[in-house]
Amino acid sequence: MEIVWTLLYMLVFPGFLFLTTYGMICEWVDRKLYARFQSRLGPPWFQPEADFIKLLSKEEIIPEAANPVMFRLLPLFALASVLTAFLYLPIWNTAAIYSFSGDLIVVFYLLTIPTLTFFLAGWHSTSLFATLGSVRNVTQLFAYEVPLLISLLGPALLSGSWSLSEMNQFFVERPILLLVNIIGFFVALIAVQGKLERVPFDIPEAETEIVAGSFTEFSGKLLGIFRLAIDLELVVAATLISVVFLGGSFGLHPVLGFILFIVKTLLIVAILALFRTVMARIRIEQMMKFCWRYLAPISLFQLLINILVKAWFL
Amino acid sequence: MLEKVVKWARVKSPWVLHFNTGACNACDIEILAALAPRFDLERFGVQLKGTPRHADVILCSGPVTRQIKDRLVRIYEQMPEPKFIVAVGTCACSGGVFDGCYNVEGGIDSTIPVAAYIPGCPARPEAIIDGVVKLLEKIDQPEKFQEPEQPVMIGGANLDGQ
Ligand code: SF4
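Chain order of the listed sequences is Y and X. In terms of the working numbering, the first sequence is residues 1 to 314. In terms of the working numbering, the second sequence is residues 1 to 162.
The shape of chain X in the complex, shown without the other chains (with noise of 0.2 angstroms):
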């Protein structure tokens, strides 16, 4: 019962803490404009906090860079547990155009777990929301979002192509 509560009010109120980890600031727009009153993120809840202290997820954008790994580990350390790392754009999932620079460690699940990746560049506010609200989900049942263990095979081949 306790539990059950404890859940509905973990999934009602994400305090969303923003950080750019080497963005080209396209994907930051797009996060504050959700986050503005023609999204209104507010209304599920979600809330910008200035502090990894008061925050339960990360939006994070971009992809690692060097200089920001060190930071990036150490904002995930402030954060009281549970917490949940959203990446925000295609350089955020897999380092995107980024991939493979000398300064570039790649996407952010190359330093810190990730619970969602939404991907676009930029991604679109809607698709920010959509993100978040899949995160939710699967706080909420976490077993509807079972990880597959062998490769989803699309349009019929198989992996050798056959």
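Chain Y with its partners taken away, still in its complex shape (with noise of 0.2 angstroms):
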């Protein structure tokens, strides 16, 4: 009994099946909301399944120079990463599915994963595009990855525990406290931003430049992965953050949790799809030096906030 529940869980609610309808349903509100702030009509309701669909029905050209197995298995690690991930995140409730003492960390790397297999696809491909649009993959890496841990950081110190689900049971008893992690919360959107490479950070796929950075040689179904799981840590990024610095469901009813998660993260799109519409996209250098100048010491400013206020006030 226990195999079929866990494998419930991992394929259908909240695995695979509802995170892909879930993460093309987000991916459309973006792109419509980013179509209405330039007061266009934007893309019908199914777009991002026809996309989908079209591009598992495509043919898939594998470069003479790339390595074909690398080429094939990337995708899928990019894609079972952000899978994984999700089942740590506390839905429509406090607790996670599954999770246990540090599963912050766990999460954390899982989402680092899909950025590590942009930059091993586009040096497989071994095209110039690719190889550049790889190479700046890993330097935004350091840029954006410092900050968002230390703004995690915040809430976790706060409420004296690494585990997503112990740390979101904390905020829902105390949810005055939430008001603390103000600043960490919007520099943890900005990085986020960074990390999903969306503008003003999609700097490694800047198609102006580099034609499509990492992907530039793929194509078909592979492609179809890739966008998929870009989709997926959209969701899981935004989820992340909604535990964290929103306090998730709050504890209500499991089904009023779970419309609070679903307005939650259409919230955190769209605060994200403004992002995309307002800014236009800064060099990678300009990037570094914003990141470590002044979205480092935010975020450990926040730190020292937490401090004091664990010190005196719990």
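Fair warning: there could be bad hints in the mix.
To be verified - Taking lysine-lysine and the DSS-like style, the derived pairs with C-alpha atoms no more than 25 angstroms apart in a straight line are:
no. : chain 1 : residue 1 : chain 2 : residue 2
1   : X       : K69       : X       : K7
2   : X       : K138      : X       : K83
3   : X       : K49       : X       : K144
4   : X       : K83       : X       : K134
5   : X       : K69       : Y       : K32
6   : X       : K144      : X       : K134
7   : X       : K12       : X       : K138
8   : Y       : K221      : X       : K12
9   : X       : K134      : X       : K49
10  : Y       : K221      : X       : K4
11  : Y       : K32       : X       : K144
12  : Y       : K221      : X       : K7
13  : Y       : K221      : X       : K49
14  : X       : K7        : X       : K144
15  : X       : K49       : X       : K69
16  : X       : K144      : X       : K83
17  : X       : K83       : Y       : K221
18  : X       : K4        : X       : K83
19  : X       : K12       : X       : K144
20  : X       : K49       : X       : K83
21  : X       : K7        : Y       : K32
22  : X       : K49       : X       : K7
23  : X       : K83       : X       : K69
24  : X       : K83       : X       : K12
Simulated from the structure, these hints should not be mistaken for lab results. In this text, all values refer to a predicted model and were calculated from it rather than measured experimentally.
The two chains are supplied separately, each in an independent frame; assemble them into the complex guided by the hints.
Written out as structure tokens, the structure is:
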């Protein structure tokens, strides 16, 4: 019986099936909002599905100079790591399906794996544009990763736990403490924008400079799976932020909690879409400067606030 | 059933690559205008892609010059199947004003097979959208777009002019 439930969790809800559907909905919301902000009509609701099915049905070309095994495996690695990360996040109540002390760090590193697969994908396709894109991928990783991790550590420090479920439980009991983390929330939003490689941090796939970055040589199914993995990464990142900074489901009835989950993730997607609309791409060294000179100190400042609050009030 | 779904997806999500084969640049500006917010091709699912590996449709503008010919063939071969070429502008359809130049091969169809022709000098964004939508209809229902075997008579005269 146990194994049936495990399979159900992994494949249907909240695993593969639910997550892919929701990821595509989020992609549509993002694109539609982006279009509406530019006063366009925007794509119809089935656009991400149509794109995905079309990509699955297309021929896949593997360049002669590329490594075919890596080329085929890397998209699956990206997809698997984000799917695994989602199982550790509390969704409809404060307890995740699987949780142990320290799963915050595990989720964080599972979210890093897609970036590494993008790097390897570009590197293994041996095309000039792809290599350049993949090098930018890793360079960018060093810029946003530190502020993101420090800003996630703030709430963890406050609640005295490294487990997402326990953290969520802590903040549900003391919702007023969520206000302490408000700076960290914005730092995390900006850093996540870098992690998802969206404007203004879409430097690795800058189509005006380096064609399509790491994915230049990818086509058909492989590209489709990569795009799906990016969609899922958006959902997982939005859920992570909503759990850590917005109190997740607030410990309500599961149905209400689930609605709250949808509302919060969509809100975060909308904020990210707004970022994307109002800004233009910056250069890689500008991003490094911005992240290390402003974002990292601000997140350290947040950490300091949290330490003081914990020392005096808890 | 599966075939129907695939065809539906193909019609709903054509990703285009813009390729200038030697146009005077007016057609390129019109293509970009069609993709920009005012005409908003994304409502038909059209997205501009940077690489031929991601694209389904190439929008070619301009006559094929001798110099670009090899590159055009190479780009065409880099695209995964199924792929469609749209010739945008009179030059791309037939060579236009450049036909017969020492450095010009002719229209796009002198080099690679073309699925849809959009005439106009330059082709207006509305015409480009119309052409792309007709191409999608053609992919959807190929039987509706049979090529006539006999030359079509216009105005009642036959070929001898009688
Ligand atoms: S059709 Fe006219 S506008 Fe277009 S490339 Fe030819 S000459 Fe230029």
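Hints and how they fare:
1. K69(X) to K7(X): Outside the cut-off at roughly 31 angstroms; violated.
2. K138(X) to K83(X): holds, 13 angstroms
3. K49(X) to K144(X): violated, 29 angstroms
4. K83(X) to K134(X): holds, 15 angstroms
5. K69(X) to K32(Y): violated, 39 angstroms
6. K144(X) to K134(X): holds, 11 angstroms
7. K12(X) to K138(X): holds, 13 angstroms
8. K221(Y) to K12(X): holds, 17 angstroms
9. K134(X) to K49(X): OK: K134(X) and K49(X) at ~21 angstroms, within 25 angstroms.
10. K221(Y) to K4(X): holds, 18 angstroms
11. K32(Y) to K144(X): Status violated; Cα separation ~33 angstroms.
12. K221(Y) to K7(X): Roughly 16 angstroms between the alpha carbons, so the hint for K221(Y) and K7(X) holds.
13. K221(Y) to K49(X): Roughly 17 angstroms separates the two Cα atoms, so the pair holds.
14. K7(X) to K144(X): Distance ~16 angstroms between K7(X) and K144(X) Cα, so the pair holds.
15. K49(X) to K69(X): holds, 21 angstroms
16. K144(X) to K83(X): Holds. K144(X) to K83(X) sits at ~20 angstroms (cutoff 25 angstroms).
17. K83(X) to K221(Y): Roughly 16 angstroms between the alpha carbons, so the hint for K83(X) and K221(Y) holds.
18. K4(X) to K83(X): Roughly 18 angstroms between the alpha carbons, so the hint for K4(X) and K83(X) holds.
19. K12(X) to K144(X): Answer holds: K12(X) to K144(X) is near 19 angstroms, not above 25 angstroms.
20. K49(X) to K83(X): holds, 14 angstroms
21. K7(X) to K32(Y): holds, 24 angstroms
22. K49(X) to K7(X): Given pair K49(X), K7(X) holds - Cα atoms ~21 angstroms apart, limit 25 angstroms.
23. K83(X) to K69(X): Holds, at roughly 18 angstroms.
24. K83(X) to K12(X): Distance ~14 angstroms between K83(X) and K12(X) Cα, so the pair holds.
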